[in-house]
Every structure is written in structure tokens, then in C-alpha cells.
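Visitor: Note that the protein sequences, when read in sequence, are chains A and B. Take the first sequence: its position 69, counted from the start at 1, is 69 in our numbering, and no numbers get skipped. Take the second sequence: its position 109, counted from the start at 1, is 109 in our numbering, and no numbers get skipped.
Wrong hints could be hidden among the right ones.
Subject to a maximum C-alpha distance of 25 Å in a straight line, what follows is the list of computed DMTMM-like cross-link-like pairs (lysine to aspartate or glutamate) [to be verified]:
(1) A/14 <-> A/44
(2) B/49 <-> A/97
(3) A/11 <-> A/44
(4) B/49 <-> A/7
(5) B/106 <-> A/56
(6) B/58 <-> A/86
(7) B/106 <-> A/99
(8) B/69 <-> A/83
(9) B/49 <-> A/83
(10) B/61 <-> B/88
(11) B/58 <-> A/56
(12) B/49 <-> B/85
(13) B/71 <-> B/15
(14) B/49 <-> A/99
(15) A/57 <-> A/24
(16) B/61 <-> A/83
(17) B/49 <-> A/28
(18) B/106 <-> A/28
(19) B/106 <-> A/86
(20) A/14 <-> A/56
(21) B/49 <-> B/64
(22) A/11 <-> B/66
(23) B/106 <-> A/83
For the record, the hints were derived by calculation from the structure and aren't laboratory data. Note that the structure is a prediction, hence the values are computed from the model and not measured.
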Amino acid sequence: DTGVSQDPRHKITKRGQNVTFRCDPISEHNRLYWYRQTLGQGPEFLTYFQNEAQLEKSRLLSDRFSAERPKGSFSTLEIQRTEQGDSAMYLCASSLDRELGGYTFGSGTRLTVV
Amino acid sequence: AQSVSQHNHHVILSEAASLELGCNYSYGGTVNLFWYVQYPGQHLQLLLKYFSGDPLVKGIKGFEAEFIKSKFSFNLRKPSVQWSDTAEYFCAVILNSGYSTLTFGKGTMLLVSP
Chain A
1 DTGVSQDPRH
11 KITKRGQNVT
21 FRCDPISEHN
31 RLYWYRQTLG
41 QGPEFLTYFQ
51 NEAQLEKSRL
61 LSDRFSAERP
71 KGSFSTLEIQ
81 RTEQGDSAMY
91 LCASSLDREL
101 GGYTFGSGTR
111 LTVV
Chain B
1 AQSVSQHNHH
11 VILSEAASLE
21 LGCNYSYGGT
31 VNLFWYVQYP
41 GQHLQLLLKY
51 FSGDPLVKGI
61 KGFEAEFIKS
71 KFSFNLRKPS
81 VQWSDTAEYF
91 CAVILNSGYS
101 TLTFGKGTML
111 LVSP
């Protein structure tokens with residue numbers, strides 16, 4: 001499968017713990033996006049990278065959230081001191097910078113904070 | 001800030017019925033419009049997109065959408081739905097800028113009964 005890969009698929013954690021998710025985009029895609037989706041809502045933008053540069057962060061991304069894309073390939077999203085409100089599906093997508101809006105999404109990581 | 005409204009959260013149709021899902025956006029400038037679909041257990045995928053030109057765009061699997069600028073709308077249509085069209089449909093918009101990202105609506109869950 002040469003699509004966008006996300007790991008893990010599911011994560012259950014206790015409130016207050018830190019979690020880290022990984023996204024492997026399509027190799028030739030220079031843009032990488034993180035979205036969050038909760039029940040009954042559409043995906044909400046969190047942040048995106050062009051190569052290794054983080055170009056935009058949503059106000060949704062509190063100080064407890066941090067994302068990296070160190071070599072312009074895979075990316076990680078870390079949530080520190082998780083809260084129950086962080087429970088959601090975290091989606092990663094990638095695209096070429098000329099493919100405006102034509103994102104390829106991964107299957108997501110479902111986070112449950114208990 | 002741009003936003004996207006989808007009129008119906010749930011739609012139930014019988015096979016062979018015609019489909020129209022509403023989508024309105026709020027942004028006065030030039031936008032690019034998309035419909036994404038998420039089949040059960042699968043990742044989000046692009047159904048169709050509008051950038052410019054003919055306001056009637058055709059996508060995969062017999063879907064089409066019409067951009068009506070005066071109404072800020074981009075409704076999705078299909079003349080005859082099939083059971084396999086059961087999915088969640090998301091309208092999305094992106095500004096005509098290289099540094100913009102997709103903003104999604106809340107989605108419409110379509111259930112087609114055989």
C-alpha cells in the first residue's frame with residue numbers, strides 16, 4: 001500500500017499521560033496535514049507542514065500539542081497531559097503543493113482518553 | 001474566516017432514488033470547492049473538485065456537483081443512488097492561495113437501503 005500510513009490505529013490512554021502518533025505520507029508529497037475529527041463533526045484542521053517547515057497551526061492546537069516533521073518525510077503528533085476532550089480521530093493527509101485541496105488521507109488514529 | 005455548512009446530517013434513500021446534498025460556504029473571495037467521501041471503514045477520499053470554468057463538475061461513480069456563485073453553493077447530485085453509495089459525504093473549501101488548507105463541513109451521512 002503506497003498511501004498515507006498512520007500508527008497506531010487505536011490508542012487508549014489514561015488522562016494525564018502523553019501520547020505520540022506517527023504519520024508516513026506518500027513519499028513524493030511535500031505537504032503534510034494533521035486534522036482532528038470528533039463524532040458528528042467534519043475534520044478540523046490542526047497544523048500543516050511544507051517539507052520540514054511547520055507553516056500554520058490552528059487555535060485548536062493548544063500548548064499541549066506539538067507536531068514535528070524533522071526530515072520532511074514522516075511526522076509525529078504528540079499530546080502531553082491528555083484530557084478526556086482530546087478523545088477523537090486524528091487524521092493525517094499529504095499532498096503535493098500544486099495539488100490544491102487534493103489531499104490523500106490516512107485511516108487515522110483513534111484516541112480514547114479514559 | 002471561511003466556513004462550510006451542510007444542510008442535512010442524515011439522509012436515507014432507497015436505491016434508484018435521486019440524491020442532492022446541500023453545501024453552502026461563507027467567503028466572499030475566490031474559493032475552490034470539493035466533495036470528499038468516506039465509505040464505512042475506509043479513509044476519506046476525493047469525490048470531485050471545482051477550481052474554475054464549467055460550474056458543473058463531474059466526479060467519480062456518477063456524482064456531479066454544481067457551483068452557483070450567487071448562492072455560495074456547491075450541491076452534490078447523483079441521478080440514481082446505489083446501496084454502495086452508503087457513506088459520509090463532506091463538502092470542503094479552500095481559498096485560492098498556496099498557503100491555505102481545506103475547511104470541511106460537518107458531513108452528511110447517506111444511508112441507501114436496498
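Visitor: For the pair supplied as a hint, residue 61 of chain B and residue 88 of chain B, confirm whether the alpha-carbon distance does not exceed 25 Å.
Guide: Measuring from Cα to Cα gives roughly 15 Å; hence the hint holds.
Visitor: Mind checking the alpha carbons of residue 49 of chain B and residue 83 of chain A for me, to see if they're no more than 25 Å apart?
Guide: Between residue 49 of chain B and residue 83 of chain A the Cα gap is close to 37 Å, so the pair fails against 25 Å, i.e. violated.
Visitor: Is it true that the CA of residue 49 of chain B sits at most 25 Å from the CA of residue 99 of chain A?
Guide: The given pair, whose Cα atoms are some 11 Å apart, holds under the 25 Å limit.
Visitor: Starting from residue 69 of chain B, check that the Cα of residue 83 of chain A is at most 25 Å away, please.
Guide: 42 Å, violated
Visitor: With a cut-off of 25 Å on the C-alpha distance, tell me whether residue 14 of chain A and residue 56 of chain A pass.
Guide: 29 Å, violated
Visitor: Mind checking the alpha carbons of residue 49 of chain B and residue 64 of chain B for me, to see if they're no more than 25 Å apart?
Guide: With a Cα-Cα distance of about 9 Å, the restraint between residue 49 of chain B and residue 64 of chain B holds, given a limit of 25 Å.
Visitor: Take a quick look at whether residue 49 of chain B and residue 97 of chain A sit within 25 Å of each other, Cα to Cα.
Guide: Distance of about 16 Å is within 25 Å: holds.
Visitor: Between residue 49 of chain B and residue 28 of chain A, is the straight-line Cα distance small enough, at 25 Å or below?
Guide: 22 Å, holds
Visitor: Do the alpha carbons of residue 58 of chain B and residue 56 of chain A lie within 25 Å of each other, as the hint requires?
Guide: Given that 25 Å is the threshold and the Cα spacing comes to 32 Å, the pair is violated.
Visitor: Can you confirm whether the C-alpha distance between residue 14 of chain A and residue 44 of chain A stays at or below 25 Å?
Guide: Roughly 24 Å separates the two Cα atoms, so the pair holds.
Visitor: Given the hint that residue 106 of chain B pairs with residue 83 of chain A, does the C-alpha gap stay at or below 25 Å?
Guide: Holds - the C-alpha atoms of residue 83 of chain A and residue 106 of chain B are around 23 Å apart, at most 25 Å.
Visitor: Need the status of pair residue 106 of chain B, residue 86 of chain A: alpha-carbon distance at most 25 Å?
Guide: 18 Å, holds
In summary, the numbered hints that this structure violates are 4, 6, 8, 9, 11, 13, 16, 18, 20 and 22.
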